[in-house]
Amino acid sequence: MKIDKVMDRVTHTVFALFLVVWLSVAGIIVWGTWRFISHYGFLSPILSSRWNPLAGQFGLWPFILGSLTVTVLAVVIAFPGSLALSVLGSRILQGIWRRYFVRLLMVFVSVPSVLYGWWGLIVIVPWVRRLSGTSGYGMLSASVVLGLMILPTFSILSLEAIRQVPESYVEGSVGLGATEDQTLWRIILPAARPRLVQAALIAVARGLGETIAVQMVIGGQIGGPGLLHPAATLTTQLLTDLPFLPPGVPGHDVLDFMAFDLMVLMTIIVWLQMRIGSWRYE
Amino acid sequence: MSKSDLSPKTLKPIAQGRSAHYVMAGIGVAAMLALLSVVLPLAVQGLPRLNMDFLFKPPRELGGGGIGPEILNTLIMVGLSQCISLPLAIIIAIYRVEYDHIRHLARWFDQGLQIVLSLPTMVIGLIVVDVAIVRWHWPISVESGILVLSLINWPFAVFLTVQVLQRIPDEWREASRALGASRWQTITRLILPVAWADIIELTGLTVARLMGETAALIYTAGLNVTSRFAFSAPGETVAVHLWYIRTEGLMPDADQVAAATGLVLLLLVIAVLWVSQKFAEWVKNANL
Amino acid sequence: MTRTSDETTPDIEVHQLSVWYGQTPALRNVNLNISAGQILAIIGPSGCGKSTFLRVLNRMIERFSDVRVEGTVRVGSFNVLDDHVDVTQLRRAVGMVFQHPNPFPMTIFDNVAYGPRIFGMRSSTQLRKTVEDSLKQAALWDEVRGKLRRGAGTLSGGQQQRLCIARALAVNPRVLLLDEPTASLDPVSAAKIEELIVQLKSQYTMVIVTHNLQQAARVSDLVAFFEQGRLIEMGNTQEMFTAPREKRTEEFLTGRFD
Ligand SMILES: Nc1ncnc2c1ncn2[C@@H]1O[C@H](COP(=O)(O)OP(=O)(O)OP(=O)(O)O)[C@@H](O)[C@H]1O
Ligand SMILES: [Mg+2]
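Protein chains in written order, with the numbering used here: chain A, 1 to 282; chain B, 283 to 570; chain C, 571 to 828.
Simulated from the structure, these hints should not be mistaken for lab results.
Take the hints with a grain of salt, since some may be wrong.
[What the hints assert, rightly or not] Derived lysine to any residue pairs resembling SDA-like cross-links, with alpha carbons at most 20 Å apart: (1) Lys291(B) with Gly592(C); (2) Lys771(C) with Arg800(C); (3) Lys699(C) with Asp656(C); (4) Lys5(A) with Tyr381(B); (5) Lys294(B) with Met676(C); (6) Lys294(B) with Phe689(C); (7) Lys699(C) with Phe689(C); (8) Lys817(C) with Asn806(C).
[Said to hold, decoys possible] Label-pair ranges, simulated between beta-carbon atoms: (9) Lys2(A) with Asp382(B): 42 to 50 Å; (10) Val6(A) with Ser726(C): 31 to 39 Å; (11) Ala388(B) with Asp756(C): 30 to 38 Å; (12) Arg275(A) with His670(C): 38 to 46 Å; (13) Ser24(A) with Ala312(B): 41 to 49 Å; (14) Val6(A) with Pro615(C): 53 to 61 Å; (15) Glu821(C) with Val565(B): 18 to 26 Å; (16) Trp97(A) with Leu570(B): 38 to 46 Å; (17) Gly56(A) with Thr529(B): 23 to 31 Å; (18) Lys560(B) with Phe634(C): 52 to 60 Å; (19) Lys2(A) with Phe338(B): 47 to 55 Å; (20) Ala312(B) with Lys699(C): 39 to 47 Å; (21) Phe561(B) with Ser647(C): 56 to 64 Å; (22) Arg720(C) with Gln164(A): 20 to 28 Å.
Where is the CB? At the ideal position from N, CA and C, for every residue including glycine.
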């Protein structure tokens, strides 16, 4: 067929373009990383805490720690709410209520992160300030904002996970005389566990990658230990330092190295997700 | 024997051993309220400011301005980047699902796609600054913004479209091929017509996502607007404007402007989701 | 584990039972009694309400939305349709086996131990004994001994169905409901299940839905023929198959049914 000939060529071209674009993206990051590593080493910048790029000091540890802390805390904060929302949407609400509930959650999934950041600025930061007597900017505020931001995504994915549990398991359990609660704890949630863990991993990936909502409330400097002092994450530091380290400036390569670290973290998460996807009871 | 001869009663599930479900419902409602607490203050604080002037006038650092150019920039940048990335994404998805060329590489492709997809958008912004703005000397402008948004959207749209195509049962393809239809005849006559509704609905999601994108646009599309639209002029979007007012701006009425800007953004997103869903429903029904 | 089967008090008593799904009737004015230890086979064309009837007996029907009922159903001491019946105890007393084997995604041991654990059995020696007894009763023990820690999914379809029967037996039910238990199995596995049902006879009151008329003839004491939600005829198995009273029954049994 003629259309096939033409479209085959189009398809192959577009696919080649896709590969070229994304391999170049990876290539640019890796190339910058390589230049950075060959100057400053690999481990010492990761483990060092001194950050003064204009003076040639590239300690990334506070940012890595910031990224991990904020993300893990956010997932912990979001977990109970997500579980509850997913149970509510999959096992409690019925019919039209369930439909509107899921639709509302989808709207929240799409609410731009800058709005969550705005909410953090006018609600969470003042709260934390009042409760702790500090400026209010810091990892605690960032975790709360991020937790709320990933809550809808986490809930929708968990809801999907629970919905995938075959109704026949539920019937089998209830048919033996188990209550709804027992069935939930002992059958439904364990059966959904691999997918729930996957949902959590996707939430982690979203949290690690989030820039704007976190940047608005985290304070932006390395202010000292603890959750209540201004801090920074890999992504927020990328955002704040890009104007000071334009390409050509000697320190610019550290930005590529930070991007590389993020890429490695994402790769680990994706790999874990795939591993869990093949979990099956033998 | 006692027997109720009343009209048949509805059999209600006996509420036994459900306390955990009640607790879950309670926490769930609380979580929903927390989410609503994000959007409600937005409406309360922003609504008084939401008028024609605000929607069409340019912003003013001294207060009293609007966000007209920002809205225009947002619509144009998101619209054009969708026009670029969506067809490219659909073609890639077709290649992944409908061709068997990369069958043995499918796992690698999927993993790579996942990684690209979860790259922070800030990283993509960084790359575009490195390549387009510094090396190619593109201005900080609408066109650089379109490039960034297209790059962000491309893998995401591929991922969603692949899922739509994979839901179509293989038997249908085989039936079509058995009738003598070629690959692309099958795609254009069978696969795409079936998939359109879902693709449209998911495209609503991707549009909403692009509208909210902020981090990657700050250094590529910029924080300024010009009085007249041009592709090479700075192209601040609504989302970026909100970030700017809240973190760097010095306007006297910043609180109100921020809330109103956020409200506009939220309404845009909801409108997009609503329209895409209605459109998808319409396509679905027209198909039957 | 033998039970005294008291022939005089019916173990299941259904009086003027009608069921609607929304506005659609599924059962209409069904009356029947089953004595303890008997096996009732329910036959009838597809969609005549057989599964509905079965699900009423352990109140699983309440899981569907908008179900309306009329009449009374008594199983042992349970007034099934009463608003205050203890469903967990009812379902403990009335075990159910489904058309498709539905073992839980756990080990074989955990599957069988699920019910006893739900009802508070903690001691591992007791659990082990219960599991062993139940598997023996379900004629599965010899095939799975030493493999109890394997996932239930590794068993064949027929073995899975016997596992489900063992799981139901582990909580000491008085009644077993079987909804087309062999319909999804190969002939050899089906024959094994059938054999098992015959073995369990007299220890349990059983209601079995089947599309296989020979099976009904082989295993049951009583046969009930349903059509469009009505109980057309019920009687002794032998009489039903040799001399049905109703013309519709005869047509169904001889395959001249439309
Ligand atoms: N959950 C439900 N909601 C609404 N209608 C239902 C429901 N379950 C069954 N029905 C309807 O009630 C009638 C009886 O169904 P039932 O499942 O009891 O039939 P059955 O005799 O078991 O059929 P089969 O031999 O196919 O299993 C059918 O017309 C069916 O469509
Ligand atoms: Mg049935």
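Checking each numbered hint in turn, tell me which of them this model violates, lowest number first.
2, 3, 5, 6, 9, 10, 12, 15, 16 and 18
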